[in-house]
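Asks: Residue strings, one per chain:
2 protein chains.
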Amino acid sequence: MATQTAQQRRDDAKLRFDAYLAGCPSRRLLDRIADKWVALVLKSLAAGPQRYSDLARQLAGVSQKMLTQTLRNLERDGLLTRTVTAEVPVRVDYELTPLGSSLGQLLGDLKSWAEEHMPDVDEARQRYDRRT
Amino acid sequence: MATQTAQQRRDDAKLRFDAYLAGCPSRRLLDRIADKWVALVLKSLAAGPQRYSDLARQLAGVSQKMLTQTLRNLERDGLLTRTVTAEVPVRVDYELTPLGSSLGQLLGDLKSWAEEHMPDVDEARQRYDRRT
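Protein sequences appear in the order of chains C and L.
With our numbering applied, the first sequence covers 1 to 132.
With our numbering applied, the second sequence covers 1 to 132.
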């Protein structure tokens with residue numbers, strides 16, 4: 001069998017998976033990645049590798065439990081790598097994989113959309129609340 | 001004061017809002033839009049206006065409560081319009097606004113990403129589970 005190019009592989013996957021379907025694994029993956037903490041972690045790591053403590057500081061208000069679980073899921077899904085260096089205290093660095101970078105661009109756009117369109121959404125909410 | 005262009009308005013908002021900050025309203029907006037049901041609704045409406053029953057069919061497995069709440073939030077945020085026609089039974093149509101279209105493109109890309117990269121993520125999960 002001829003080796004598939006990355007593009008052929010993605011085209012093939014596009015035919016096999018459909019997130020509209022409840023039982024499709026891509027529905028669960030969409031649920032995993034359509035998440036504000038995933039967006040903020042990937043956007044933050046797009047600037048370069050970071051330590052756990054840097055991420056915790058940048059993602060103001062995130063709980064340790066939520067950040068740890070988010071990072072573990074992203075590592076398992078192949079979106080980032082986790083490197084432990086034996087120092088005192090132990091140093092843990094996170095870095096995007098190429099797969100994580102490709103998703104990070106999309107989610108970075110989503111973060112920017114929320115910031116740039118906040119005034120439009122605010123006005124829409126005021127109009128809605130006056131009407132109802 | 002000179003009227004701002006849409007682009008100036010977005011640039012200005014980009015400086016005022018920052019979803020990394022816990023108290024910023026754009027953090028809550030990001031939380032609202034980074035959601036699989038929002039992604040599937042907006043992607044579905046990108047093809048044209050639809051009735052409630054069409055959406056319920058396309059988004060397999062969505063509960064009535066979740067779909068109704070998602071649609072109401074999207075209407076309040078100015079991303080879609082809801083039109084009620086007095087027929088028997090009453091007919092309700094949903095249609096994207098220009099604001100909803102702009103977000104729908106980003107979220108449609110996210111759905112496609114999940115489908116196209118499902119094999120990569122699957123392989124990464126298998127590697128991770130063998131290691132741990």
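Everything labelled a hint here was simulated from the structure, so no lab data went into it.
Keep in mind the model is a prediction, meaning the values are calculated, not measured.
Cβ coordinates follow ideal geometry from the N, Cα and C atoms, glycine included.
Each hint should be verified, as a subset may be incorrect.
On the chain C side, residues computed to face chain L include the following (Cβ under 10 Å) [as the list claims (entries may be wrong)]:
id, residue
1, Asp11
2, Ser26
3, Gly48
4, Pro49
5, Arg51
6, Tyr52
7, Gln58
8, Ala60
9, Lys65
10, Val84
11, Val92
12, Ser112
13, His117
Covered stretches of chain C (chain L as the covering partner; in silico rule of three or more C-beta atoms under 8 Å from a C-beta of chain L) [unchecked claim]:
id, stretch
14, 67 to 81
15, 103 to 110
Asks: Hint by hint, note whether the structure agrees.
Replies: We went through each hint and held it up to the structure:
For the restraint placing C:Asp11 at the interface with chain L, the shortest Cβ-Cβ distance is roughly 8 Å, inside the 10 Å limit, so the hint holds. With its C-beta approaching chain L no nearer than about 5 Å, C:Ser26 sits inside the 10 Å limit, and its interface hint holds. At its closest, the beta carbon of C:Gly48 sits 16 Å from a beta carbon of chain L; the interface hint therefore is violated under the 10 Å criterion. Because the closest C-beta pair between C:Pro49 and chain L is about 18 Å apart, greater than 10 Å, the hint is violated.
Against a cut-off of 10 Å between C-beta atoms, the interface hint on C:Arg51 is violated, since the closest Cβ of chain L lies about 16 Å away. Annotation: interface hint on C:Tyr52 violated; nearest CB of chain L at approximately 16 Å, more than 10 Å. Nearest Cβ of chain L to the Cβ of C:Gln58: about 6 Å, under the 10 Å cut. The hint holds. Taking 10 Å as the C-beta cut-off, the interface hint given for C:Ala60 holds, the closest approach to chain L being about 4 Å.
With a cut of 10 Å, the hint placing C:Lys65 at the interface with chain L is violated, because the nearest CB-to-CB distance is about 16 Å. The criterion of a C-beta within 10 Å of any C-beta in chain L is not met by C:Val84, whose closest approach is roughly 13 Å, and the hint is violated. Among the interface hints, the one on C:Val92 is violated; its C-beta lies about 16 Å from the nearest C-beta in chain L, farther than the 10 Å criterion. With 10 Å as the threshold, the beta carbon of C:Ser112 comes within range of chain L, its nearest partner Cβ sitting at about 7 Å, so the hint holds.
Taken as an interface hint, C:His117 checks out: its beta carbon lies about 7 Å from the nearest beta carbon of chain L, inside 10 Å. Requiring three or more residues with a Cβ within less than 8 Å of a Cβ of chain L, the coverage given for the stretch 67 to 81 of chain C holds, as 5 such residues are present. Evaluation of the coverage hint for the stretch 103 to 110 of chain C: fulfilled, as 5 residues show C-beta separations to chain L shorter than 8 Å, against a requirement of three.
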